[in-house]
Amino acid sequence: MSVFVTSGLTDFLRDAVDLQVQVDAIGLGAIFALMAVGIGLVFGVLRLVNFAYGQLIMAGGFALAFASERGWSVAVGIALCFAVVIGLSLAMERAVFRPLRTQSPAVMLIATFAVAFLLQSIALLWFGPLGKTAASLAQLNRPVSIGDVDIRKISIVAIVTAAVCLTLLLVLLNRTSIGLHMRAAAMDFQTARLLGVRANLVSAVAVLISGLLAAVVAVMLTVQFPTVTPGFALRETIVVLAGVIVGGMTRLGSATLGGFAIGYASGVLGGALPTAQSQYLPSLVFGVVILVLLVRPGGLFTRGRPAVERV
Amino acid sequence: MTAPRTLLQLAAPTGLVIAATLIGATVSRSTEIYFINALVAVSIVVALYVFVGNSGVLSFGHISFVAVGAWAAGVLSVPEQEKPAFMPYLFDFLRDTTVGNVPSLLAAGVVGGVFALLVGLPLMRLSGLAAGIATFAVLEITNNILRYYEKIGPGLNTFSSVPETTDLAQAGVGALVVIVAAFAYQRSRFGRQLRATREDPAAARAVGVSVYRQRLGAFALSGFLAGLAGGLYVHFLPINVDAVYLDLTFITLAMLVIGGTTSLWGAVVGALAVSGLDSLLANAENGLDVLRWTIEVPAGTRIVVVSALMAIVLILRPSGLTGGREFSLDPLWRRLRPS
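Those protein sequence lines, which keep their order, are chains Y and S.
For the record, in the first sequence the residue sitting at position 85 is 85 according to the numbering used here, with numbers rising by one throughout.
For the record, in the second sequence the residue sitting at position 127 is 1127 according to the numbering used here, with numbers rising by one throughout.
A short list of chain Y residues far from chain S (calculated; beta carbon distances all over 10 Å):
{"id": "1", "residue": "D11"}
{"id": "2", "residue": "Q20"}
{"id": "3", "residue": "E69"}
{"id": "4", "residue": "F82"}
{"id": "5", "residue": "A83"}
{"id": "6", "residue": "G131"}
{"id": "7", "residue": "P143"}
{"id": "8", "residue": "I151"}
{"id": "9", "residue": "T167"}
{"id": "10", "residue": "R183"}
{"id": "11", "residue": "R198"}
One-sided and incomplete, this derived list gives chain Y residues near chain S with beta-carbon spacing under 8 Å:
{"id": "12", "residue": "V107"}
{"id": "13", "residue": "A114"}
{"id": "14", "residue": "F117"}
{"id": "15", "residue": "P297"}
Worth flagging that the hints you see were computed from the coordinates, not collected in a lab.
Note that this is a predicted model, so its numbers are computed, not measured.
Backbone N, C-alpha and C define an ideal beta-carbon position, used for all residues, glycine too.
So here's chain Y without its partners, still in its complex pose (with noise of 0.2 Å):
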């Protein structure tokens, strides 16, 4: 028995140092953090937690889908799959968020759970639940040979993009009026008004940046699922929101960090560990949820007391 498990710890421990796996891991760690960007961005303007981020996405991969099918070319398809997603993404912030945003953090919360499960059925209505197949980026999936590893494309291409992505938001909250509003009113949205910060400009303009990521998520997405279906991204969401309220929901920087390690952890558990042991990783990551928010309110990645109102 103790034999069988030490080398079954060793082919774990192999696994999970190859080079491959920690390319493709960290590359699934670029593309959650991301997605926990574009949820902590809104959580830290509107204190809310957006259910609904996982369907933007899925939209964005049915309309990569729309276009393929129709045999457009790749780049007419992304760029309807960001005029959809940031096309929605603003209409839920005008229609939902908005009308909401004097209400408590649950009853938002419970709004944006309807937003999630209508965007779903509505897919569902119109595209079925087999769902559709974006193709015409597929050749990014194919290996390139670094040395004698053979690495995805898209693995490298997420961990640019996403590098260039939270670089260029850097500049944009600290370097920019509107980044200075958004981090004014991140931190007190009342006195941030009081102070002549527009509130309806900061919010637009979170989602707006929100909507922006997630649509590079779903061509990044249906790059490595290319099966759309209604559900697409759901899991990944819910995953992601995890890593966030781990990490720290209240600051950016600590919601991005966790979303990378809750990415890059399945990544590499998903490659190295056999099914039959990994069946249970939910529970776990959902028990680690819940003991952070008992025990460390703030997040794993967050340093002082948070605020209790956040809580």
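Using the hints provided, position chain S relative to the given structure of chain Y.
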């Protein structure tokens, strides 16, 4: 508060449930299913209301108590010779025990209640957003374990060959039991204390109410009732693990929110109204004849309508159809006799 008025607050929801049961008895066999379904939904939503309505704390986790209740009642009431067919890995004592209908429902309630109590011990310290997410995590964990742990149930298999004892009468009686329990609780001193913490936690603490203890008590009671409802559910339909997961969580929360979260009347009205609408749309998906017009809507319209309705109610009338108040004739009197 005078006695007749109090009585009316209980009479209205129970009357509505009895009316639904009686109407269900007059319709065809295939339509009766919808009425049973609606009555089971009433039990689940009222169980959810006992905690969410009285405490004002959000819970996405109640369907886990429905699920463990369904598992308990299902596993215990399948005939012994049928168990190996779809539950080959059961623990010995589960494999060798088979109980009747009522004991299985009681077991469902007890398992749901004990599970809720254990979960609540740490979780009831949280409120607001954190409570919502932590209870969601409970739902995920419960679903994950029931899905793969085949020593306590069928895993991914469907609960076939559970005796289908939840007929119209039993669904009606079950819903009434849950409603009376919910009413008795909210009239008791515990229910009043919990409602006080909902309205103003600081003031409630100041007069000596323990927020944690009151919430925990309501959570356990609500878990018991949800487990019971789960027992009714598994005796009604051959369900599987996906039937007691996100979709049911969503639809029951939608029923509560649409009806009005803070009243028993709202929970019952919401459950019956949304179930009615849902059945109507389900029929319309197969073509529905209304006054010589055939209404036909594409499959899947139901959830679109229900979720749109829920979003609209949240935005335009956050307190729900009933305004979150108990049933009362006062508004009617006022309209009849304008002073």
